Amino acid sequence: DSGVTQTPKHLITATGQRVTLRCSPRSGDLSVYWYQQSLDQGLQFLIHYYNGEERAKGNILERFSAQQFPDLHSELNLSSLELGDSALYFCASSVEGVIGNEQFFGPGTRLTVL
Amino acid sequence: DAKTTQPNSMESNEEEPVHLPCNHSTISGTDYIHWYRQLPSQGPEYVIHGLTSNVNNRMASLAIAEDRKSSTLILHRATLRDAAVYYCIENAGGTSYGKLTFGQGTILTVHP
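Chains A and B, in that order, are what the protein sequence lines are. For the first sequence, this note's numbering gives the first residue as 742, with consecutive numbering after it. For the second sequence, this note's numbering gives the first residue as 2, with consecutive numbering after it.
Chain A extracted, bound-state conformation:
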């Protein structure tokens, strides 16, 4: 158990819908990262938040957005869902958003878009 929790574990929805994935980082970790894992693209970095502020963006679609709240939990919002958005979404946390720090990954949320 990494100490990072993600809800829900599984999510099945239809195209065009909007969903919210939730992540609670390890106690004391200020950084939260979101990653997407699909069969064709592998594991890809989406976005990084540090203590409530966006720090870095990766290949995140405009239909996707994220935020980190004052209690440090984070939410990833996916809207106008397409079949290709079906993937595993992982959240990771670390103490600080600096080079060399270990990231702790949650168990992931499996999103299926029908």
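One or more of the hints may lead you astray.
Unchecked claim - Across the chosen pairs, the derived CB separations fall in these ranges:
| hint | chain 1 | residue 1 | chain 2 | residue 2 | range |
| --- | --- | --- | --- | --- | --- |
| 1 | B | 6 | A | 812 | 37 to 45 Å |
| 2 | B | 6 | A | 836 | 28 to 36 Å |
| 3 | B | 11 | A | 795 | 33 to 41 Å |
What the hints assert, rightly or not - Below, simulated DSS-like cross-link-like pairs (lysine-lysine); rule was C-alpha separation at most 30 Å, straight line:
| hint | chain 1 | residue 1 | chain 2 | residue 2 |
| --- | --- | --- | --- | --- |
| 4 | A | 798 | B | 70 |
| 5 | A | 750 | A | 798 |
| 6 | A | 798 | B | 4 |
As the list claims (entries may be wrong) - Chain B is nowhere near these chain A residues, computed Cβ spacing over 10 Å in every case:
| hint | residue |
| --- | --- |
| 7 | 749 |
| 8 | 751 |
| 9 | 765 |
| 10 | 769 |
| 11 | 792 |
| 12 | 803 |
| 13 | 805 |
| 14 | 812 |
| 15 | 818 |
| 16 | 820 |
| 17 | 825 |
| 18 | 854 |
| 19 | 855 |
For the record, the hints were derived by calculation from the structure and aren't laboratory data. Owing to the predicted nature of the structure, the values given are computational and were not obtained by experimental measurement. Virtual Cβ for every residue (Gly too), placed ideally from N, Cα, C.
Since chain A is already given, all that's left is putting chain B on it; use the hints.
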């Protein structure tokens, strides 16, 4: 994004050492080398990281070449639980902060 090159797959027998190679020929002087692994149906798990000198922890050892263009993750005695996809990652600095750029990784199969 920084690129690493790893073999697609490797096999080992239980209780034997495993050496997982990684090439990172374009690594810059301040980039760390991270290794993560992903067990089936789980999120990635940190294994080890280093900058210049060799590193050891309870899970593995990391041997880094003197020119830093390659590294080797060493599992001293493989167990069935070590069967996973192993990712070698350059942790880039600057505005990228701590983001991890995963490649395809090496699928490690451990035979009983």
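Hint check results:
Checked against the hint of 37 to 45 Å, the pair residue 6/B and residue 812/A passes, with Cβ atoms roughly 41 Å apart. Range check, residue 6/B to residue 836/A: about 30 Å between beta-carbon atoms, so the 28 to 36 Å window is met. Checked against the given bound of 33 to 41 Å, the beta carbons of residue 11/B and residue 795/A, roughly 38 Å apart, stay inside it. Straight-line distance between C-alpha atoms of residue 798/A and residue 70/B comes to about 27 Å, which keeps the hinted pair within the 30 Å bound.
Between residue 750/A and residue 798/A, the direct Cα distance comes to roughly 24 Å. Compliance with the 30 Å bound is thereby established for this hinted pair. Distance hint between residue 798/A and residue 4/B is fulfilled; the C-alpha atoms sit about 18 Å from each other, no more than 30 Å. The Cβ of residue 749/A lies farther than 10 Å from every Cβ of chain B, with a closest approach of about 15 Å, so its non-interface assignment holds. Distance to chain B confirms residue 751/A as a non-interface residue, since its nearest Cβ pair spans about 12 Å, more than 10 Å.
No beta-carbon of chain B comes within 10 Å of the beta-carbon of residue 765/A; the shortest separation is about 14 Å. No beta-carbon of chain B comes within 10 Å of the beta-carbon of residue 769/A; the shortest separation is about 16 Å. Listed as a non-interface residue, residue 792/A keeps its Cβ farther than 10 Å from every Cβ of chain B; the least gap is roughly 12 Å. For residue 803/A, the shortest C-beta to C-beta distance to chain B comes to about 19 Å, beyond the 10 Å cut-off, and the non-interface label holds.
Look at residue 805/A: its CB is around 16 Å from the nearest CB on chain B, clear of 10 Å, so calling it non-interface holds up. Every beta carbon of chain B lies more than 10 Å from that of residue 812/A, the smallest distance being close to 21 Å; the non-interface claim holds. The Cβ of residue 818/A lies farther than 10 Å from every Cβ of chain B, with a closest approach of about 20 Å, so its non-interface assignment holds. A cut-off of 10 Å between C-beta atoms confirms that residue 820/A is not in contact with chain B; the least separation is 23 Å.
For residue 825/A, the non-interface assignment is confirmed: its Cβ lies about 19 Å from the closest Cβ of chain B, beyond the 10 Å cut-off. Here residue 854/A stays apart from chain B, with its beta-carbon at least about 20 Å from theirs, past the 10 Å limit. Residue-level check passed: residue 855/A sits 21 Å from the nearest beta carbon of chain B, beyond 10 Å.
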